[in-house]
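Listed below, chain by chain, are the residues.
Protein chains: 2
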Amino acid sequence: MENRPYNLSVWRVNMHDKNIRQESVPESWIRLGGRGLIARILLDEVPPECEPLGEYNKLIFSPGLLVGHMLSSCDRISIGGKSPLTGGVKESNAGGTTGMQITMLGIKALIIEGMPVDNDFSILYLDKDGGRFDKAEEFRGLGVYEATQRIREKYGEKSAIALIGPAGEMKLKAAGIQNLDKDGTPARIAARGGLGAVMGSKGLKAIVINGFSGEKAPIANPEAFKLAQKAYTKSLLEHPQTALYRDYGTAAMVEMCQAFGSLPTRNFSAGIFEKAEDISGEKMRELLHARGGASNPTHACMPGCTIRCSNIFGGEDGKMIVSPLEYETIGLMGSNLGIGDLETIARMCYKVNDLGLDSIDVGAALGVAAEAGLLQWGDGVRAMEMIDEIYSGTPLGRMIGCGASLTGMILGIERVPVVKGQAMASYEPRAIKGTGVTYATSPQGADHTCGLTIRAKVDHLDPKGQAEISRSGQINMAGYDTLGACIFAGFGFAASPESIRDLLNARYNWNIDTTILQSLGRETLTMEREFNRRAGFTKIDDRLPEWMRLEPVPPHNAVFDVPDEDLDMLFNW
Amino acid sequence: MENRPYNLSVWRVNMHDKNIRQESVPESWIRLGGRGLIARILLDEVPPECEPLGEYNKLIFSPGLLVGHMLSSCDRISIGGKSPLTGGVKESNAGGTTGMQITMLGIKALIIEGMPVDNDFSILYLDKDGGRFDKAEEFRGLGVYEATQRIREKYGEKSAIALIGPAGEMKLKAAGIQNLDKDGTPARIAARGGLGAVMGSKGLKAIVINGFSGEKAPIANPEAFKLAQKAYTKSLLEHPQTALYRDYGTAAMVEMCQAFGSLPTRNFSAGIFEKAEDISGEKMRELLHARGGASNPTHACMPGCTIRCSNIFGGEDGKMIVSPLEYETIGLMGSNLGIGDLETIARMCYKVNDLGLDSIDVGAALGVAAEAGLLQWGDGVRAMEMIDEIYSGTPLGRMIGCGASLTGMILGIERVPVVKGQAMASYEPRAIKGTGVTYATSPQGADHTCGLTIRAKVDHLDPKGQAEISRSGQINMAGYDTLGACIFAGFGFAASPESIRDLLNARYNWNIDTTILQSLGRETLTMEREFNRRAGFTKIDDRLPEWMRLEPVPPHNAVFDVPDEDLDMLFNW
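Sequence order for the protein chains is B and W. The numbering used here puts the last residue of the first sequence at 1062; the count rises by one with no breaks. The numbering used here puts the last residue of the second sequence at 1062; the count rises by one with no breaks.
These are calculated hints, taken from the structure and not from any lab test. One or more hints might be untrue.
Claimed, not checked - Okay, the calculated bits of chain W under chain B, using three or more residues with CB under 8 Å as the criterion:
#	segment
1	532-541
2	659-669
3	882-889
4	894-907
5	1019-1027
6	1030-1038
Cβ coordinates follow ideal geometry from the N, Cα and C atoms, glycine included.
With the hints as extra help, turn the sequences into a complete structure.
The following block contains the structure:
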């Protein structure tokens, strides 16, 4: 592998011929990784007008540029393709061990293409010598948890696994791709945009990545790397938010959103929830401490992470119910459904994980279904039954598993919180208007991880200036997603931007400056916008739903009133 | 009314304030009617990006320019708005008595706007003095047949009625608007594109039009009009196709399509059907003659029509099963589902009519559902059960009632015969490629009435030149739809184009020439394209589904291979 640039190569997997080829990295791909590289590959290789579940779409795995070194919060895997949910560009990233191990095999991008013959169903096994396909009939239809267990029994416990659940096999549009965390639990889902359905369409149940057959990614200048790592870790640990997430996980956001009136409640009809306290991070921490056993309020999803924002939600019997329980799930499956009980939400989350679904889009779909009268607000039992119908593939189940947009269309409901067909996360955009701008304009569809603005020190209800805040957030996040850095790594990098420069230069023997994060971010967004443009997107797609401009949301009784002109100028930089 | 141009005015109905205003016709609307005027009004008044079932959409009724004089096949009503099915411009027209009676009230366009308060549900009654709103709670949820009967009992039997069934009330995306034929049967549905859902969103069960309180539309030069009418009728009756439709109705197309290999069979997986003979026009004629009673193979939907292509399908007991049974329904609910029995198809059609749904999109949806295994090919009993679920509003029922596109998305099926979300009619576009061009490029979505090319004397399998044939058909049809002329009126007008000129000049005291049909057609298409462009459509929307380019259809094993360049140049005239 020595003469390959940076010891990395492109692995190309054809599902039709069942062959795996290793190719050198094209010049224009070298300085990209993760989300940015996925956008590049989509532009270079995937016809933008193609059917997302058809022959011409590709499923791409690419670790970010900083992946492979146990930098805190920087070993994420990006997965992408044309989205069956939005019809546009899609990158969804996850923590866990996939990013690290794929890098240990020297893979810069794993490109899965073509369609299987005769509904053939496989597991793709990869190690340093290449890979092979194994028949996966025995795993067909299995939930993620059982499938993980049986795949680990067969392939060993050290490998990373990326796999789909029944939802991906059923080609549901809210299906994601699960990844194992450092404890071997399928807990880190690349949830958004239906990439699990793309994997299902390729006839792939799982990819087993035996990274330890390979070696740690080389570093051009180890000393400089170590110094930069130290600077980054220091500024990360010194950031006050870091401690907050260590203590309460992402669930810390419940009280914060409640305070801002931005906690989506009863299908986004309100921004505060009378039982917010019962589903808060404080409540969860207290509960998990008291329960002990498997419960763990402070858990790392990747080796080396110092933030440890994840958690294990255990039952009274000491056994794990689900890991993790994130704020997004709590919001969409809790307050958004009028459910004020963490244990119910945790049990719902377990099933949605097991199906291999995006809990945001499923939670939003259940909210829309409640609006249509299919369940009562707060009725966790009925919500659980509806999730069970996804397993059985009834029209109701499939509808919910396709997410909020299609559920709204079928049920004739207009109050559907989606942009580009993808559900909004647990941040009410009429109360946090900068995030509304991100939802509206992100090439990914509504997605808080593309530029959450809630921490900006501004009046979030004032429409003025929100586009600038969103723009800056979107550029940074596209940059971080290209580095493989978690959203929380930004706490560290923001305080020491030179550490990004130094890490990249030391790793790759480059000579870049501190503008790299923004230049990667801009380049990535530009490519994504171009893919969407070619796929038929126009400015009309960069809008929040009409009802959010008309219907005031309590407690601030705010509507979304950022002018269209601001949205349309967002990417004119 | 004397000083209003041409004695016509615009009637504007606000569902929020419940008021009805009569306005003079704006200058730029005067020389338009029907489909062309709807496009103009949409461009002038409806924000193209608006939510189709929301506050800003409008429902427009407009008779064509030649309506009101019992010219054979020329009294059609055009209904339009932004389509909830396609998201674009929509005009759907129907025969029956609505066009004539609305013209007798001097209405050039009836524009229904705003949203009702508190889920208020009304009947709009119109007569020469204006109109009023009556509470319609007693009619809520009623099928079209029973609602018609009860509305006629209440308002008298002479008025025209445009009404929705349960599907429109449920805001299903394949809901149409039913109109009465000359015998008072709700048999003439403006079926396509979900306009029934728009009417449902406006809280309107029915519009009762007491045309006979008004007067026949005036004619500027009656003598000249009579002469032109005579010329037109003569050339219409002399056309050989006219006799064919009189004898066999539109069902004559079954054998013709079978011969071309373009009869959609088993969800468009084949173009010939082994039981085609059993569902043919010949078979139907034979059956209806033998049965007698209510059966009538040669029936006119509008007073004065000399073609009489419609029929009444009676049972063995002499009672009506449904009226009419059209080729489109026979194809989509017959061969497309593997059902080779006319009586079964007639009974399915009755229910779909009663629900107020488009039998094309529902038939296509059932075909997709069969592909997904929800019913067996040829199983009419199960198909009927599934239609019954639409009444009960189950997720399955609602899905089918939303048409083929959403059904395919929910069920994860790719072989879905739609363009712009609207189902193709019973003409396989890989075998009749010019019609494929029409499906792909029409601003209305897949719609055979926008430019059917099957009668062109060309090799329908040769991709060359199909765009030109489709273009000419689309221009003509947009012209006819603006005149209020039935697709079959073209048999007469094509042979005597000067009669269009003479009729219009005599009617309105204009001074136009024989290019009027094409200039109306081009103007209409240009406005429709512009509305769609503003609504976010791009050339990517002007494509057949990908699988139709990849999957050969028997018996000719043809794929759709008209080049994209031809599609993109269609409207460059």
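Hints versus structure:
1. Given as covered by chain B, the segment 532-541 of chain W passes the check, having 4 residues with a CB less than 8 Å from a CB of that chain where 3 are the minimum.
2. Here the segment 659-669 of chain W counts 4 residues with a CB under 8 Å from a CB of chain B, which clears the bar of 3, and the coverage holds.
3. For the segment 882-889 of chain W, the assignment as covered by chain B holds, since 5 residues bring a beta-carbon within under 8 Å of that chain's beta-carbons and 3 suffice.
4. For the segment 894-907 of chain W, the proposed coverage by chain B is satisfied: 6 residues have a C-beta within less than 8 Å of a C-beta in that chain, meeting the threshold of three.
5. Restraint check on the segment 1019-1027 of chain W versus chain B: 5 residues with Cβ-Cβ distances below 8 Å, three needed, restraint holds.
6. Against chain B, the segment 1030-1038 of chain W contributes 5 residues with a C-beta closer than 8 Å to a partner C-beta. That satisfies the three-residue criterion, and the hint holds.
Hint compliance for this structure: every hint is met.
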